[in-house]
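Peer 1: For the record, the sequence lines run as chains A and B. Residue numbers for the first sequence follow this note's numbering, so the first one is 1 and each next one is one higher. Residue numbers for the second sequence follow this note's numbering, so the first one is 1 and each next one is one higher.
Be aware that one or more of the hints could be misleading.
[As the list claims (entries may be wrong)] Keeping only pairs whose Cα atoms sit at most 27 Å apart, straight-line, the calculated BS3-like set for lysine-lysine is:
1) A:K127 - B:K73
2) B:K133 - B:K38
3) B:K38 - A:K181
4) A:K396 - A:K127
5) A:K138 - A:K205
6) A:K181 - B:K3
7) A:K275 - A:K254
8) B:K73 - B:K133
9) A:K138 - A:K193
10) A:K182 - B:K38
11) A:K425 - A:K127
No lab work stands behind these hints, which were simulated from the structure alone.
Each chain, written out:
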Amino acid sequence: MSKTITISPVTRIEGHAKITIHLDDQGIVQDARFHVNEFRGFEKFCEGRLMSEMAGITSRICGICPTSHLITSAKAGDDILAIEIPETAEKLRRLITLAQWMQSHALSFFHLSSPDFLLGFDSEPAKRNVFGLLDQHKDFAKRGIRLRKFGQEIIEVLGGRKIHTPWAVAGGVREPFEASKKDYLLNWIPEAKETALLALSELKKIHTKFNKDIPNFGNFRSLFVGLVAKDGALEYYDGLLRVMDAAGNTIADKIDPRRYREYFGEATEQWSYLKFPYYKPLGYPDGMYRVGPLARVNICDYIDTPLAEAERVMFKALAGNRGVVNNSFYFHYARLIELLFSVEKVEMLLNDPAILGTHIRSKAEINRNEGVGASEAPRGTLFHHYWVNDDGVLQKVNLVIATAQNNLAMNRTVRQLAMRYVDGKKITEGILNRIEAGIRCYDPCLSCSTHAIGQMPLHVQLINANNDVIDEVRR
Amino acid sequence: MKKALVIGYGNTLRSDDGVGVWVADRIAALHLPNVDVKTCHQLFPELAADILPYDTVIMVDASASGEPMAVRKSLPLPERLPSSNHNISPEILHHLAHEMYGATIDMRVYTVRGNSFEFGSMLSPSVKEQATKTIALIVALLQQIHPKSVIASFMLN
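One chain only, chain A, in its complex shape (with noise of 0.2 Å):
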């Protein structure tokens, strides 16, 4: 008799989802899914808006990431306006976006999966969570909350405090940058890039304590994209899409992002609403690919700072001489490797004399009737698609957020974890956790907009071939 463990929801990512694990008649692991179950819609929610408001409407989609989702919306109004924005403006534009990296990948490491690392997987689940690390390690958990603080901080500083302020328009920014404010963001420079190699270190320790567990956390082939800047620099504003195989081979590059479309298709799944997108030229699902913090370091040919540049040569010794980092436990020092290029980013961008410019933002007319915008989002790149008419009405919108493009990655993972660890007969916490934890590698935020539903505890079900719960868990 099969059967089917449920788990549901994910605990420690955003919105609402569900694993579900189905076992044969001998209790082995065939397969493993992970649900996503909420309707989004927001597409079609923008369509009849103007252009100009959706950089303010769009960034209200998720709470995590408003930053990229303001960036990625201007800059497909930049391309409907066919314009190029000042340098300031850009460099503008590019510093927020590092405060959000710095202030998504803080909260990712410090407050969602050190716990596991630092507590363990196997630790009482009423402790590994921010507070049994508070217990345990003060200074560290206290350390990542003001590297998060810091990133508010910059966006605060530039976009103001008022929630998902459109600060970000098509053809650049509405407000300069207030010189008076560079001391005090320089001021936590120091202690930002402490925290950051404080980081990097306690996660080496952590690959050594859990080398038993690693290879089992998504350590599969597949494809890696993102955008690479043209000298191929890791890049996280602008750029141009490279697509790398699972040895290392550069197998598409130079992609203008404007013909995503051409290369990348969306695949759907009866149980799940969140789209499967995958590599056009390899097909569903062989074109599975990954997007985020692993993706970029693995595809880029170095990083323009000196101290993740070291950090980026020793990851990609993990390889050895596959040339690329095909295991998803190490999203966490990928994670950790942009977190410290954040810092250093934003310490060479303040000083540069260019941010302080006036000139901020180009104006024009609708001159195209499709835009499109892309960057790359803490979780991978993200593209917004806009097609308008003359006026700069939205007639249809199309978004190809990060978590999406790891979804089939993110249920090999699943997979992967589940026949290591489920034997058929219990589900242990720990197994739990790792396969939660598994999930966490990616980092994915699935719909943040329905905070107000509240939180569920945990919930497992075993269930057999007819239907029947033979055992449940929560927690």
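Go by the hints and put chain B onto chain A.
Peer 2: Chain B alone, transformed into the frame defined by chain A:
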């Protein structure tokens, strides 16, 4: 000098989920002395540092169930902490401020039950009605904390 902070949070694009922000915006418009107002999409851990200067913190949020309007004055951590998402609950925020900084802040959470969480930027009429009552309750509470200045300011508006 005692100071109070009002934090309204929620997604203003999900209809009644934006009620916390709606309430906070209207309290901000009253310009009450010694009362600061903040709005945000959701609660984050770093807010634990932001609330330190205040004696009283009033949170305003939407709820999906329960009474049309409710106040929680006691904010204990649940026996088993709900594993946090990217956002945190007022209970976690309250305890983070205490655990990290030793703060003892009087925190209260006002909730207004939403009817619709669909995409949209308008509040349901009944939710707006409850939200208006919530503003009165919060102003009354602030009046207790700062008797003369608050009431004078409120009357002027």
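Peer 1: Each hint: holds or not?
Peer 2: For each hint, the structure was consulted:
A threshold of 27 Å between alpha carbons decides the hint, and for K127 (chain A) with K73 (chain B) the separation of about 25 Å falls inside it, so the pair holds. Note on K133 (chain B) and K38 (chain B): the hinted pairing holds, with a Cα-Cα distance of about 20 Å set against a maximum of 27 Å. Proposed proximity of K38 (chain B) and K181 (chain A) is supported: the alpha carbons are some 21 Å apart, at most 27 Å. With a C-alpha separation of about 47 Å, the suggested pairing of K396 (chain A) with K127 (chain A) is violated against the 27 Å cut-off.
The hinted pair formed by K138 (chain A) and K205 (chain A) meets the criterion: a straight-line CA distance of about 18 Å does not exceed 27 Å. Note on K181 (chain A) and K3 (chain B): the hinted pairing holds, with a Cα-Cα distance of about 26 Å set against a maximum of 27 Å. Straight-line distance between C-alpha atoms of K275 (chain A) and K254 (chain A) comes to about 25 Å, which keeps the hinted pair within the 27 Å bound. Taking the CA atoms of K73 (chain B) and K133 (chain B), the gap is about 18 Å. The hint holds against a cut of 27 Å.
Only pairs whose Cα atoms come within 27 Å are accepted, and K138 (chain A) paired with K193 (chain A) is accepted, the gap being roughly 18 Å. In summary, the hint linking K182 (chain A) to K38 (chain B) is supported, as the alpha carbons are separated by about 24 Å, within the 27 Å threshold. With a C-alpha separation of about 26 Å, the suggested pairing of K425 (chain A) with K127 (chain A) holds against the 27 Å cut-off.
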